[in-house]
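K.L.:
The chain contents come next:
Number of protein chains: 2
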Amino acid sequence: MAYQLYYWPTIQGRGEFVRLVLEEAAADYVDVARLPAADGGGAPAILRVLRETPGVAPFAPPILRDGALTLAQTANICAYLAENHALVADDRAARVHANQLQLTVTDLVAEVHDTHHPLSTGLYYEDQRAAAVERAKGFREERMPKYLGYFERQLHDDHLLSTFSYVDLSLFQVLRGLEYAFPRAFARVTRETPKLVALGERVAARPRIAAYLASPRRIAFNEQGIFRRYPELDDG
Amino acid sequence: MAYQLYYWPTIQGRGEFVRLVLEEAAADYVDVARLPAADGGGAPAILRVLRETPGVAPFAPPILRDGALTLAQTANICAYLAENHALVADDRAARVHANQLQLTVTDLVAEVHDTHHPLSTGLYYEDQRAAAVERAKGFREERMPKYLGYFERQLHDDHLLSTFSYVDLSLFQVLRGLEYAFPRAFARVTRETPKLVALGERVAARPRIAAYLASPRRIAFNEQGIFRRYPELDDG
Numbered sequence: 001m002a003y004q005l006y007y008w009p010t011i012q013g014r015g016e017f018v019r020l021v022l023e024e025a026a027a028d029y030v031d032v033a034r035l036p037a038a039d040g041g042g043a044p045a046i047l048r049v050l051r052e053t054p055g056v057a058p059f060a061p062p063i064l065r066d067g068a069l070t071l072a073q074t075a076n077i078c079a080y081l082a083e084n085h086a087l088v089a090d091d092r093a094a095r096v097h098a099n100q101l102q103l104t105v106t107d108l109v110a111e112v113h114d115t116h117h118p119l120s121t122g123l124y125y126e127d128q129r130a131a132a133v134e135r136a137k138g139f140r141e142e143r144m145p146k147y148l149g150y151f152e153r154q155l156h157d158d159h160l161l162s163t164f165s166y167v168d169l170s171l172f173q174v175l176r177g178l179e180y181a182f183p184r185a186f187a188r189v190t191r192e193t194p195k196l197v198a199l200g201e202r203v204a205a206r207p208r209i210a211a212y213l214a215s216p217r218r219i220a221f222n223e224q225g226i227f228r229r230y231p232e233l234d235d236g
Numbered sequence: 001m002a003y004q005l006y007y008w009p010t011i012q013g014r015g016e017f018v019r020l021v022l023e024e025a026a027a028d029y030v031d032v033a034r035l036p037a038a039d040g041g042g043a044p045a046i047l048r049v050l051r052e053t054p055g056v057a058p059f060a061p062p063i064l065r066d067g068a069l070t071l072a073q074t075a076n077i078c079a080y081l082a083e084n085h086a087l088v089a090d091d092r093a094a095r096v097h098a099n100q101l102q103l104t105v106t107d108l109v110a111e112v113h114d115t116h117h118p119l120s121t122g123l124y125y126e127d128q129r130a131a132a133v134e135r136a137k138g139f140r141e142e143r144m145p146k147y148l149g150y151f152e153r154q155l156h157d158d159h160l161l162s163t164f165s166y167v168d169l170s171l172f173q174v175l176r177g178l179e180y181a182f183p184r185a186f187a188r189v190t191r192e193t194p195k196l197v198a199l200g201e202r203v204a205a206r207p208r209i210a211a212y213l214a215s216p217r218r219i220a221f222n223e224q225g226i227f228r229r230y231p232e233l234d235d236g
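Chains as they are written, first to last, in the working numbering: chain A, 1 to 236; chain B, 1 to 236.
Keep in mind that the hints were calculated from the coordinates and are not lab data.
You may find that some hints are simply not true.
Same chains, same names: a pair is fine if it fits in one copy or spans any two.
[As the list claims (entries may be wrong)] Okay, derived cross-link-like pairs now, DMTMM-like style, lysine to aspartate or glutamate, Cα gap no bigger than 25 Å in a straight line: (1) K137 with D158; (2) K137 with E192; (3) K195 with E232; (4) K146 with D28; (5) K146 with D127; (6) K137 with D31; (7) K137 with E83.
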């Protein structure tokens, strides 16, 4: 039976980390909320799953259904799919280290989100822009170099772990997102992380990922997602 | 061989979620940074592990060493220990759902941290107090009721999953932390979450947890940790 992914239909957002794993696995899946409303799609499909999941319910999308199992939390879904589709090595230490790196990606993504929403997710960006300018400065000057420098040092070979894994896919997505949101800061910081840049290019060239990126299934970055291009938040 | 935990020695912080699992498991462990400096303790012990771990290195503490394996990220360490000590049921769906709930706890904890550091982790609280007051308002009025209401609805029985698990320990810690940091808001919000309050009391009464809480191993909450009591951030 096909996996069912539930995520906001007009943004990459956190769902994109899941989509990349599904695409690299060539898994059979339905991106439910992107179906026409007449076919059960749209945001109401997500709200139904949030409200009506029996047992352990999700707090927020992305949400994956695999038969009778409904699971949530991006890093949790990615690890689950990776185990099913050999996108992580089949030993405990590798799984634990993959999850460790993925949760560090998760922390980085949360910090990116807070560059444009430092005060409240309930306020518009325009109503917290001054605070965003300050938060983004610290992110660009301290946090982004710290995170990317860390991942650069973890690249011993052609990937983060001893084999290609879902963490490489997520890091590719982070690189694309940072480049979109902070083009000037990204160019500056990645001068120091050549192995990371090369990793991103290798992932983009993987046949299934290249086909996905060229397809209409890949939503363009935009200013409703996590990675948003607001020039005032980038290097001056 | 004893586990080695590396975490800041003067705060509960994220390390406390790990300490609670180790204590409930009655595991043999050394809280390395709390040893005297002459015995290899103190913050330098943590910095050494960050710098000198071969293979996949941690980005930040808490860090656990189990023989040759060094792992990091709070939720990852908790899940690892829980599998070793039967603090999560031994089936895949239970592990996936435990991790899902634990990562939702992780998100909540990150939002609590940002109530006192909304602009930058590199600035003192006093230098971002105005932004903190605004962020904390949204946290108390929207996010805290949303998270605690969610966990209340997940409590079908005496615990979050079908058996007692490490997630119950983490939720206990969140409840204690929120009560410390936001006593007035906590009293208001938990009037609507009686099952959650009862869960916290049951966890505190577990013999090993009760013994731990009464011991000098339990560090008191303070204003260097994640849960900080700043009256101006609580309900007026």
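K.L.:
Against this structure, judge whether each hint is valid.
P.N.:
Verification of the hints:
For a Cα distance limit of 25 Å, the shortest separation of K137 from D158 qualifies neither inside one copy, at 31 Å, nor across copies, at 46 Å. With identical chains, the CA atoms of K137 and E192 are at most 25 Å apart within one copy only, with a shortest distance of 19 Å there and 40 Å across copies. In this homomeric assembly, K195 and E232 never come within 25 Å of each other (Cα to Cα): the closest approach is 29 Å inside a single copy and 46 Å across copies. With identical chains, the CA atoms of K146 and D28 are never at most 25 Å apart, being 37 Å at best within one copy and 34 Å at best between copies.
Only between protomers do K146 and D127 lie at most 25 Å apart by alpha-carbon distance; the minimum there is 22 Å, versus 29 Å within a single protomer. For the identical chains of this complex, K137 and D31 are neighbours neither inside a copy (36 Å) nor across copies (36 Å), given an alpha-carbon limit of 25 Å. In this assembly of identical chains, the alpha carbons of K137 and E83 never lie at most 25 Å apart, being 38 Å within a copy and 41 Å across copies at closest.
In this structure, the earlier hints numbered 1, 3, 4, 6 and 7 are contradicted, and the remaining ones agree with it.
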